[in-house]
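If you want the building blocks of each chain, they are given just below.
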Amino acid sequence: MTKADIVEQIYEQVGFSKKESAELVEKVFDAIKTTLAEGEKVKISGFGNFVVRGKNSRKGRNPQTGQEILLEARKVLTFKPSLVLKNLLNDEEIPTGGSRLDGIGRLE
Amino acid sequence: MSGEPSGKGMTKSGLIETVAEATPHISKRDTEIVVNTIFESMAQALKTGERIEIRGFGSFQVKIREAREGRNPKTGAPVHISAKRTPFFKVGKELKEMVDGHGSGEVHTSESGFNPGDGSA
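As you go down the protein sequences, you meet chains U and L in turn. The numbers in the first sequence follow my numbering, run straight up by one, and end at 108. The numbers in the second sequence follow my numbering, run straight up by one, and end at 121.
Since the hints were derived computationally from the structure, they do not count as laboratory data. Among these hints, one or two may not hold up.
As the list claims (entries may be wrong) - One-sided excerpt, in silico: chain U residues whose CB lies under 8 Å from chain L:
id, residue
1, T2
2, K86
3, L88
Claimed, not checked - These stretches of chain L come out as covered by chain U in the derived footprint (C-beta under 8 Å, 3 or more residues):
id, segment
4, 28 to 39
5, 45 to 53
6, 69 to 80
7, 84 to 93
Heads up, the beta-carbon is just placed ideally off N, CA and C, and yes, glycines get one too.
The following block holds chain L by itself, in its conformation from the complex (with noise of 0.2 Å):
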């Protein structure tokens, strides 16, 4: 049902519709509470500073970028931007490939009729 890709993405309710379609013996709203319990849970481990890792999937971690001086783009004034912490993702292998059309048998996507190496070995 909603769960199937639409060309638009799948947003939280969609995985969570997918995965309920999955699991029939397990309501709808456990589904939910379920899909909530992980990302809040992740969030939670990146918040202490954790660093998180999906097997096959990928891992988070949260990195400090330095304070800096910048600029109001609008009006040129100086402003000073203080440090931050920024969660950053890095793609497993497995899911790289995935993504990539090459791994699990999954889709291909050939990039044939594309030749911008004219010329060059």
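Only chain U is shown next, with the shape it has when bound in the complex (with noise of 0.2 Å):
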């Protein structure tokens, strides 16, 4: 699913132009975005909750060379999935076998 999707729901649900449902689906994530930037956190109660998190500086190394290097402290967004999407997610069992993602962080 891309934002043209998202746009292409709006127009068929909520009957809005496909411009206007372009405009609306923009200004919606432009606004999430603002508020990310300057700090704040962006709770969609039945989604969940972006919140910006600070990391503190630390030493490193390249796992390529090995050479040690600074990592500065920076600001990361994170994401906490809400209870209801989880539920939504899990509500019908999960076949055993067949190809599956194998477990969290082996994906790209």
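Relying on the hints, combine the two individually framed chains into one complex.
Here is the structure:
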């Protein structure tokens, strides 16, 4: 699903023109982004919370060369899914076998 | 009005308020329906296992956590935790930079004065 698909949903379900739907979807994500850029969290009930967290600086290593580097303090965005969303994804049993993702962190 | 950052973050109603103010030709009621439809359609996409990619924002993807044996932290009794689907969010490049304070000319916070790298070059 891309932004264009969301626009299509608005167009079909709400009845705005494609142009208005696109404008609204754009404004919604812009408002979220601006708020997060100010360091504020965004809480969408039924979906989840987007939270900006500070990371302290620390020493790290370039995994390729082994060279020590200083990773500077930075701010990162985290997403905590709401219980409603987690339950929605789990209201059907997960079939055993077949292709599945192997735990977490193995993608991309 | 209530769309302003308050230090307490923005809720869905604050988001609706902000978008309604930015689109005076559209009623607040309609804005509310649009915001709800956006998140409902995203939730439905994730339910079907579909990946979502919002340019400039980030992507969502459902991963499966394997079943495992856990423990009740109170009693120490072993419990079986069955496999479950979990949504994951990966922030997009543009938003990542905006949040860290060096994108799109947004708020700049200086981290100077914090110097833990003392002594090492």
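Exercise for the section: Check, residue by residue, whether the segment 84 to 93 of chain L contains three or more positions whose beta-carbon lies closer than 8 Å to a beta-carbon of chain U, and give the verdict. Expected result: Coverage by chain U holds here, the residue count being 7 at a Cβ distance below 8 Å.
Handout entry: Evaluation of the interface hint that places U:K86 against chain L, nearest CB under 8 Å
Key = holds, 7 Å
Practice task
Test coverage of the segment 45 to 53 of chain L by chain U using CB-CB distances below 8 Å; three residues minimum.
Solution key: Holds: 7 residues of the segment 45 to 53 of chain L have a Cβ under 8 Å from chain U.
Problem - Coverage of the segment 28 to 39 of chain L by chain U (three or more Cβ within 8 Å) - result: Coverage by chain U holds for the segment 28 to 39 of chain L (8 residues, Cβ < 8 Å).
Handout entry: Given hint U:L88 near chain L, where the shortest CB pair must fall under 8 Å
Key = holds, 6 Å
Problem - Residue hint U:T2, partner chain L, criterion CB-CB below 8 Å - result: Since chain L brings a Cβ to about 6 Å from U:T2, closer than 8 Å, the hint holds.
Problem - Claimed coverage, the segment 69 to 80 of chain L by chain U - three or more beta carbons nearer than 8 Å - result: Our answer is that it is violated, as 0 residues pass the Cβ test (under 8 Å) against chain U, missing three.
When each numbered hint is compared with the structure, a violation occurs for hint 6 only.
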